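A.B. asks: Sequences and hints are given; from them, build the entire structure.
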Amino acid sequence: MSAEAREPLNREQVAAVLAGRLERDWIVNLGVGIPVLACDFVDLDAGIVLSSENGLIGYGWHAPHGHEDLDIVSPGMQYVVLQPGAAIVHHADAFGLIRSGRVDCSVLGAYEAAADGSFANWTPHADGRTDLGGVGGAMDLTQGAKRVWLAMFHTTPEGAPRLVERCTLPVTGGRHASLVVTDLAVIEVGERGFELLEHAPGYSVEDIQAVTAAPLSVSPSLRPMPV
Amino acid sequence: MSAEAREPLNREQVAAVLAGRLERDWIVNLGVGIPVLACDFVDLDAGIVLSSENGLIGYGWHAPHGHEDLDIVSPGMQYVVLQPGAAIVHHADAFGLIRSGRVDCSVLGAYEAAADGSFANWTPHADGRTDLGGVGGAMDLTQGAKRVWLAMFHTTPEGAPRLVERCTLPVTGGRHASLVVTDLAVIEVGERGFELLEHAPGYSVEDIQAVTAAPLSVSPSLRPMPV
Amino acid sequence: MPRPERYDSAAAAVADIPDGSSILVAGFHAGVPWNLVQALYEQGATDLVMISTTVNRPLLDEDGRVTIADLVLAGRVRKVIASFTAAPHPSQPNAAEDVFRAGGAEAELVPQGTVAERIRAGGAGIPAFYTPAGVGSAYAEGREQREFDGRTYVLERGITADYAFVRAQRADEAGNLVYRRAARNFNPIMATAGRCTIAEIDDPILPAGSFDPDQVHTPGVYVARLVHIAEGRIEAPRRTRRSGRELDLDAPEDTGDAS
Amino acid sequence: MPRPERYDSAAAAVADIPDGSSILVAGFHAGVPWNLVQALYEQGATDLVMISTTVNRPLLDEDGRVTIADLVLAGRVRKVIASFTAAPHPSQPNAAEDVFRAGGAEAELVPQGTVAERIRAGGAGIPAFYTPAGVGSAYAEGREQREFDGRTYVLERGITADYAFVRAQRADEAGNLVYRRAARNFNPIMATAGRCTIAEIDDPILPAGSFDPDQVHTPGVYVARLVHIAEGRIEAPRRTRRSGRELDLDAPEDTGDAS
Chain A
1 MSAEAREPLN REQVAAVLAG RLERDWIVNL GVGIPVLACD FVDLDAGIVL
51 SSENGLIGYG WHAPHGHEDL DIVSPGMQYV VLQPGAAIVH HADAFGLIRS
101 GRVDCSVLGA YEAAADGSFA NWTPHADGRT DLGGVGGAMD LTQGAKRVWL
151 AMFHTTPEGA PRLVERCTLP VTGGRHASLV VTDLAVIEVG ERGFELLEHA
201 PGYSVEDIQA VTAAPLSVSP SLRPMPV
Chain B
228 MSAEAREPLN REQVAAVLAG RLERDWIVNL GVGIPVLACD FVDLDAGIVL
278 SSENGLIGYG WHAPHGHEDL DIVSPGMQYV VLQPGAAIVH HADAFGLIRS
328 GRVDCSVLGA YEAAADGSFA NWTPHADGRT DLGGVGGAMD LTQGAKRVWL
378 AMFHTTPEGA PRLVERCTLP VTGGRHASLV VTDLAVIEVG ERGFELLEHA
428 PGYSVEDIQA VTAAPLSVSP SLRPMPV
Chain C
455 MPRPERYDSA AAAVADIPDG SSILVAGFHA GVPWNLVQAL YEQGATDLVM
505 ISTTVNRPLL DEDGRVTIAD LVLAGRVRKV IASFTAAPHP SQPNAAEDVF
555 RAGGAEAELV PQGTVAERIR AGGAGIPAFY TPAGVGSAYA EGREQREFDG
605 RTYVLERGIT ADYAFVRAQR ADEAGNLVYR RAARNFNPIM ATAGRCTIAE
655 IDDPILPAGS FDPDQVHTPG VYVARLVHIA EGRIEAPRRT RRSGRELDLD
705 APEDTGDAS
Chain D
714 MPRPERYDSA AAAVADIPDG SSILVAGFHA GVPWNLVQAL YEQGATDLVM
764 ISTTVNRPLL DEDGRVTIAD LVLAGRVRKV IASFTAAPHP SQPNAAEDVF
814 RAGGAEAELV PQGTVAERIR AGGAGIPAFY TPAGVGSAYA EGREQREFDG
864 RTYVLERGIT ADYAFVRAQR ADEAGNLVYR RAARNFNPIM ATAGRCTIAE
914 IDDPILPAGS FDPDQVHTPG VYVARLVHIA EGRIEAPRRT RRSGRELDLD
964 APEDTGDAS
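Residue numbers (the numbering used here), protein chains in the order written: chain A, 1 to 227; chain B, 228 to 454; chain C, 455 to 713; chain D, 714 to 972.
Read the hints as simulated data drawn from the structure, not as lab findings.
Do not rely on the hints blindly, as some may be mistaken.
[Claimed, not checked] If we take Cβ atoms under 7 Å as the criterion, some of the chain C residues that face chain A in the derived model are: (1) Gly577; (2) Ala578; (3) Gly579; (4) Ala582; (5) Ala628; (6) Asn630; (7) Ala662; (8) Gly663; (9) Pro667; (10) Asp668; (11) Val670; (12) Val675.
[As the list claims (entries may be wrong)] Below 20 Å or equal to it, Euclidean Cα-Cα: the simulated DMTMM-like pairs (lysine to aspartate or glutamate) are: (13) B:Lys373 to D:Asp875; (14) A:Lys146 to D:Asp862; (15) D:Lys792 to A:Asp104; (16) A:Lys146 to A:Asp104.
These numbers were taken from a predicted model, which means no experiment stands behind them.
Each residue gets a CB set at the ideal place from its N, CA and C atoms; glycine is no exception.
C.D. replies: Have a look at this one:
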């Protein structure tokens, strides 16, 4: 494959890759942005429950076009479909579930992800103003979920790396991310920083390192992302 | 009426007297013991809502014999009947309503009531053990309700006064009682201590003072209890 | 949906509960998981911490029903947390109270709204909160107090437990629970606060999706084990109505007992 | 039952709200009391404190719908408490953000679970509680923190307000409310935290007793005013589904906006 032919994954493909990594019987919270798109790709037959901070416990894929129910809506304003056995709770109870530690995986978007697993996703400004931003449920989820994953684009539209040694934006706090899925790679975040598990088809380790502002170690079982 | 003919009120009569003093559109919590018996006498057409700490909002009279529903039960294990417009909540939400300050009147039983409005109703022992007793919801109600009334017998079965200068048993704390309804009298508790508003038929002020261990002032509009 | 495990009997549902466990027991007159408590009694676990609104009176010798008080009398309980730990009047002795007085088990007496809120907090990941209940009484002495906006409150801790015993009228295979009337009481909040929540169900268990999602009281994600008690079910005792000057004459808060 | 007052229009239901009021506004995409917010805008009250999960984008000039951002732009708001107070990306400016930056109104940014719990606490008479959200971030700096069992938590205060605006699908004359699906969100908790709770209702109001008491979401005792919006009702905007590399590419938490 020539360098010209290679294409980063689109949003849906990133979502599909992360969906494929969710495990049987997990309770999962998909954040606004790319993560919630994974609802179309999650294996609901494996007992995975999608639960959102606005109180939908047990939703599934996006509603088919023309069949949207405006009251069955994700926090990212995606119209979804309830699964058999779904239950609705109010916002305080929904966050009670999140803080209770029962959510197996919280998948969030991020502006930046650092090699120690910290990340930034509540304000795009580093101006020190803590009164302005869009924190949503991220800080609750990073404290409550058993593990935190990130789904994001590998670089800014201008090509600047988002995976960095240390965040320049204010971090979200709480549990650090253990996995980052981007349009170019699947990266585990562990004791030794970023470890490349999967690469987008056509991208070499060097290609990905070139747009990553922290060292990448390479998994012995490195493989292409399943798209 | 001869002294021989006079009779203290029975439990139902005490309950009926206190029920008659509840005001239009009040939200009322009737405590275990005599107070809950008032449910048969409350003027529900006046918009009074009986709400209990186990989550029944909008119950009314006792269920007719043979028509008891074991799931529609007061904290004192009286089977009652739900009114049109009733709603059920769980125990934490029921106490949320109580602490929110929306309960206009909490009627409680008591072992002792003092002239300053303090009272004792969570343990019959003065042995200093705070681990043993039956506090139930009393301490929450005295903190949350807009006013606290007591319904109790004027004396112990042995004839000892229960209305006293100062409680000998551990007090319940929170808002002080502003009214005490007994089998002998209706007494307001205010700045100047006990004020006799009503007396049981056939009982004189002196009769009631004789079994009350604190001074009684007498209301200018003293009248017999309406039984 | 991850499905709760289904059990054929209350005995099977509680069989693996180890000594030293903490157990929330729901109910208040109605909605009591009598069958699970009975099975626990027969199962033999000891050194238990029992959290419930009432210790109850011991009923085993009276009508065969088992209460927390029976577990206390059997020496199986290390500690209870409840808002009724003793008889309301010396003339109505509760044998469990004698065990507490003698130091055979520890009792923690907590206002009922506080115990409810502590359980709700525990189940919602809130470690501690302030509440006014108990201020001005001996309860608050020795507890941490703090003023907010000129009013005094007591610091209280959230409660979670190894197990929660709940009882619902209906359940579906996803573990969603629906309670009836005042039988709801502590059930929904305890279901959130147990690390392993065991639900005894009155009606046969329905297929997932049988409930309107708007009308579920306890979402199935909180329920680990379901047991439909089909036969020989232990029900709440029925109280006959009393009147006149009677036993509970001296009892401002009555007994809190289930009988 | 004390009945909530019935109003013929949203305008009538909010007519007496004075300057300086604090107002909870429920909803998150669904369940937003659009008609009450619009009526408030037209009513003219100023110096308001608005508490809602999102400030939203100003929509008045775009589609005629009024949001809290429009109230901010009109100089009617002293302070907002929300979990979305600014645009997720500088390329998506929210004019209300400029007002905050210029000091024209105060913004308090609060994690969404914390704002929900603060409202639930306020409505339940809990003055303060501890929660982990925000620990390890700039949010927690300057806030009181405390350890429980080796983990750090932030102290948060309960929120009550002069008014709560809620929206329900159904109501009965006793004020009992029933919400539909994710339109429930903040509505039940805000209904408890308003000293005067005003509910806009989609369906015609039913006689008291129309609901199964087990299935009421907000008991009528919390509701002061009911208004059935019969005609010209403002509904939630409908979002068309997007795909590909688009506007919200940089937005980890997207906009929190209703459009």
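A.B. asks: Against each hint, give a clear statement of whether it holds in the structure.
C.D. replies: Taking the hints in turn, this is what the structure says about them:
1. Gly577: Status holds, d = 6 Å.
2. Ala578: Constraint on Ala578 of chain C satisfied, holds at 3 Å.
3. Gly579: holds, 3 Å
4. Ala582: violated, 13 Å
5. Ala628: Holds: closest Cβ of chain A sits about 3 Å from Ala628 of chain C, inside 7 Å.
6. Asn630: Holds. Min distance 5 Å.
7. Ala662: holds, 4 Å
8. Gly663: Gly663 of chain C check passes; min Cβ-Cβ to chain A is 3 Å, inside 7 Å.
9. Pro667: holds, 4 Å
10. Asp668: holds, 5 Å
11. Val670: Holds, about 4 Å.
12. Val675: holds, 6 Å
13. B:Lys373 to D:Asp875: holds, 18 Å
14. A:Lys146 to D:Asp862: Satisfied, since the Cα-Cα distance of roughly 18 Å is no more than 20 Å.
15. D:Lys792 to A:Asp104: Not OK: Lys792 of chain D and Asp104 of chain A at ~36 Å, beyond 20 Å, violated.
16. A:Lys146 to A:Asp104: The given pair, whose Cα atoms are some 5 Å apart, holds under the 20 Å limit.
Consistency note: the structure conflicts with the earlier hints numbered 4, 15.
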